[in-house]
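Hey, can you piece these two chains together into the complex? The hints should help.
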Amino acid sequence: GDSVTQMEGPVTLSEEAFLTINCTYTATGYPSLFWYVQYPGEGLQLLLKATKADDKGSNKGFEATYRKETTSFHLEKGSVQVSDSAVYFCALLSDGRGIGSTLGRLYFGRGTQLTVWP
Amino acid sequence: EAGVAQSPRYKIIEKRQSVAFWCNPISGHATLYWYQQILGQGPKLLIQFQNNGVVDDSQLPKDRFSAERLKGVDSTLKIQPAKLEDSAVYLCASALIGTSGILNTGELFFGEGSRLTVL
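Protein sequences appear in the order of chains Y and D. Residue numbering for the first sequence follows this note's numbering, beginning at 3 and increasing consecutively. Residue numbering for the second sequence follows this note's numbering, beginning at 536 and increasing consecutively.
With the rest of the complex left out, here is chain D (with noise of 0.2 Å):
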C-alpha cells in the first residue's frame, strides 16, 4: 500500500517570497493533517480536514498561510509572503476512518515531510 506522498521534499526561498506544498494521503483515507515541525520541538496542527471541509484551523496564521482539499483527496499548503520563522518541516497525515471513529484506530499516517528553509 502507497503511503502518504509529499513533495517537494525540500524547498529554499528568501523571505516575502511563496511557496506551495501537496499532499496526496493514503488512497480511501478521508482525514487529512497539515503539521509544522520547527527544529527541536514537537508537531503543531495547522490544519485539519474531514473530506473536503475543515475541521480545524485555529493554529494556522492566515494571514500568510492558506490550504485547500477541493476533492477531498489531495491538498496544497500554501505561503505567502514566507518569513524567517516559517523554517521548518511541514508534515502531512491522514487516517482512514473520520474524525468520528478516529478514537478507536487512533493511527496517523505520517509522509517524510517537506523541509522550508527561509532565507
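Isolated chain Y, as found in the complex (with noise of 0.2 Å):
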C-alpha cells in the first residue's frame, strides 16, 4: 500500500541555517504530495504541495520537489528563523489506483520536530 518515510527528528539548527527534511515515498498510483506543518498549540495547516512529477511547491521561503524518480519530497529553506521552529509532517494523498489504497486518503509520515535557536 501506500506509504511515508520521513527522517527521524528532532532537528535542532541555529538561525539562517540551512534546513533540509527528508521524505520518501511508496504509491502504485500518481499521489499528490505534501507538507504541513503544527505550530505549538495550533491544529495541522497546510505548508505546501506538489500534485504531479517535477512539480515545486513554496511557501514561506520552504520549497519541496516532487521527484518521482527517487520516489522522493524533500523539504528545503535556505535560513531559518526561530519562528520556524515547529513540527513538521510529509504526507501522501492517495488517487487510489494501487491495490489496497483508497482515493482522497491522506497518509502522514511520523513528523519531524524543528527547533530553531536565536
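Some hints could be false.
Claimed, not checked - Covered by chain Y, per the in silico footprint, the following chain D stretches (three or more residues, Cβ under 8 Å):
1) 578-584
2) 643-653
As the list claims (entries may be wrong) - Heads up, simulated BS3-like pairs for lysine-lysine below, C-alpha to C-alpha not over 27 Å straight-line:
3) D/Lys550 with D/Lys606
4) D/Lys550 with D/Lys618
5) Y/Lys70 with D/Lys579
6) D/Lys579 with D/Lys546
7) D/Lys579 with D/Lys550
8) D/Lys579 with Y/Lys54
I should point out that these hints are in silico values taken from the structure, not numbers from a laboratory. Since we're looking at a predicted model, the values are computed, not measured. Beta carbons: idealized from backbone N, C-alpha and C, even for Gly.
The following block contains the structure:
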C-alpha cells in the first residue's frame, strides 16, 4: 500500500542555517504530496504541496520538489528563523489506483520536530 | 471563514469508560476525516466520510470505536470502552470537494484536535 517515510528528528538548528528534512514515499499510482506543519498549540496546517512529478511547491521560504525517479519530496529552506520551530509532517494523498489504497486518503509520516535557536 | 470546530479540547477518563468527540467541518465541505495522533507519531486515519457515507474505515477498531455523520455535516466519534492505548489527540479534518477531485486541490483543513487521556 501507499506510505511515507520521513527522517526522524529532532532537528536543532541555529537561526539562518540551511534546513533539509528528508521524505520518501511508496505509491503504486500517481499521488499528490504535501508538507503539513504543526506549530506549538495549533492544529495541522498545509505548508506546501505538489500534485505531479517535477512540480515544486513553495511557501514561506520553504520548497519541496516532487521527484518521481527517487520517490522523494524533501523539504528545504535556505535560512530558518526561530518562528519556524514546529513539527513538520510529510504526507501523501492517494489516487486510489494501487491495490489496497483509497482515493483521497492522506498518509502521514511520523513528523520531524524542528527547533531553531536564535 | 470559520474553521473546523472540535470539542471537547481535552478529556480525561478512566479505562473502560466511554467518550465522544464532536466535529463540525467547514461549511460545504463534503469530505470529513477522523485521525488519531499518538504522541511522537504521525496522524493515522481512522475513518473517512464522503457526505454521510463511509469511504474508508479499514483502520477503525470497530470493537470499540464508532463514528457517524448522519446528515452529511457534523460528525461524532465514540470510544467505548476506552483503553489506555487510546490516549491520543483525535483530529478532525475536512475537504471542500469530493474524493473524485480532491487530488487537484489536495488541501485538508484540520481542527485543533481533542486530547484524550485514559487513566
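Cross-check of the supplied hints:
no.: 1; hint: 578-584; in the structure: holds (count 4)
no.: 2; hint: 643-653; in the structure: holds (count 5)
no.: 3; hint: D/Lys550 with D/Lys606; in the structure: violated, 31 Å
no.: 4; hint: D/Lys550 with D/Lys618; in the structure: holds, 5 Å
no.: 5; hint: Y/Lys70 with D/Lys579; in the structure: holds, 24 Å
no.: 6; hint: D/Lys579 with D/Lys546; in the structure: holds, 20 Å
no.: 7; hint: D/Lys579 with D/Lys550; in the structure: holds, 22 Å
no.: 8; hint: D/Lys579 with Y/Lys54; in the structure: holds, 24 Å
Comparing the model with each earlier hint shows a violation of hint 3 alone; every other hint is respected.
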